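Engineer: Chains as they are written, first to last, in my numbering: chain A, 1 to 307; chain B, 1 to 201.
Simulated from the structure, these hints should not be mistaken for lab results.
Bear in mind that the values here come from a model prediction, so they are computed numbers and not experimental data.
By construction, the Cβ of each residue, glycine as well, lies at the ideal position given by its N, Cα and C atoms.
Take the hints with a grain of salt, since some may be wrong.
Short, incomplete list of chain A residues facing chain B, as computed with Cβ under 7 Å [said to hold, decoys possible]: (1) M1; (2) E158; (3) Q161.
Not close to chain A: a few residues of chain B, all C-beta gaps over 10 Å, as computed [stated by the list, open to error]: (4) A47; (5) E76; (6) A79; (7) E107.
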Amino acid sequence: MTKVLAVPPTLDDEAFDALIEQASQAEGERVLLDARHVRWADPYGMVGLLAVGQHVAAAEGGQQPILQLPLDAKVSSYLARMGFVQAAEDTFELHNAPRDRGPVSESSVLLPITRIRSHDDVHGVIEELNEGRISTILAEQLGYSRSDAISFSMLLSEVSQNIIEHADAPGWVGIQTYNWMKRLGRRVAVIAVMDLGVGFKGSLAREHSARFGDRWSDATALEAAFIHGVTRFRDPGRGQGLKQIRRKVGRWGGKISIRSGTARIADIPDWDHSPPMQTGLAPFPGAQILIVLPAKQPAAPPAPAPR
Amino acid sequence: MLHGRRVAPLSIDLSHVHRRSVTSLFSNLVTRPTGRAIRSGVESQIAEMDGGAHSVCLSVLDFSQVRVLDYSCADEIVAKLLLRFQAEDRPAEAYFVVRGLQDHHLEAVEAVLERHALLLVCETEDGTCALIGAADPLQRAVWDTLLRLRRAGPAQVAGEAGVSDAAAAAAMSALCVRRVAAPHSDGTVSPLPCLLEPTAP
């Protein structure tokens, strides 16, 4: 038997939650992820699809799920340029994969989907960001200064290191800029960082679960790390990375959310209406981080159509 | 105490140490392993310079060629170096000054200094020195006074700074314990920048 999971047309954070919900009901069946009707995808949705695929494969004894890529050639080609198709080849049995898998040339791609397995990969991400056009893209599209661009790299370094330091498993990172004209009236950079590791509850359990007693859960673990800087390490210098990330995101008027296990915690700016804490979500291993950074200036209105 | 001890100036270009000490050659100082490797390199250089029990080493950490410095790396390099050489069982008599810090470096360095309640002397682009990290207003006032006087005792500092002798003495002692100033055998104290000059006071 094959269980078909329909990938929503808009492949973003909400689509990821929907896929997890569906995937949790597919025990013992081969899974086919039907992404044929995807019309739009952000890094969180793409990386999330990879994570769901790997989770399903692990649950089914290593049997690869099937992924049907979008029928729309432009969407399919975009997924290839973002590095999604290449990354998906390791996880899925791919159907209707695009032929064009050339190098990333999209002006808005800050970082294609990149595997993070070690600290060297974190160095690679920072090198790629700085050798690429990060300053130009951030300046032209988001109005960020050169100093902001370097702070952006610092943020990426810290958030990517979280995978290595706390997950005990590999993960992915991807970044893209978009025009959120309807939602925010500005361009944004969307950063997705995910792993399928032990999650916040698993990472903190040994050192901190006892003092929470019956209250110990994904939500309390996330609160402890996110709000109070609690870490499994005894070194007092540890546990500050998230604090620094939150400070930077807050300074830029952005949003950060972390999903782990069955809960999600977030710093919510005034332009977003998500709850700061969600519990009772469908369980999923590891941690999934979403950061949205808005442009400093509103996006220019579209030019009038020529007569 | 500085009495009878030779001050050995040691300038360490961090990007240079990074290239020599870390297998992966990156000019961006990110990740804890990179920070640990750099710290180890700095400690080795200090150990090689060790001129015996009476030698005091002044180590200048130059960040001017560093592009990205993240919090984790700053914690491993700056905070852990200061903590190690502030401890009673420190491996050598070393003092640290940083230079070439840009605003985005300062953000990470100040965060780790605040986290560990540390103080550090920072040489700015124009050659003046500033105190960064966790210091109260009295300590900062006494530091500024010492910087002007170059070498002074508590009474002189108290008079110049407009505080009591006891308050000046306590602040000077705190600055020495936190190794941004060094005591002389006659009870006077010099701020670290004065030790950078060719002829120490």
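Engineer: Looking at the structure, which of the earlier hints fail to hold?
Structural biologist: As far as the earlier hints go, 1, 5, 6 and 7 are violated by this structure, in ascending order.
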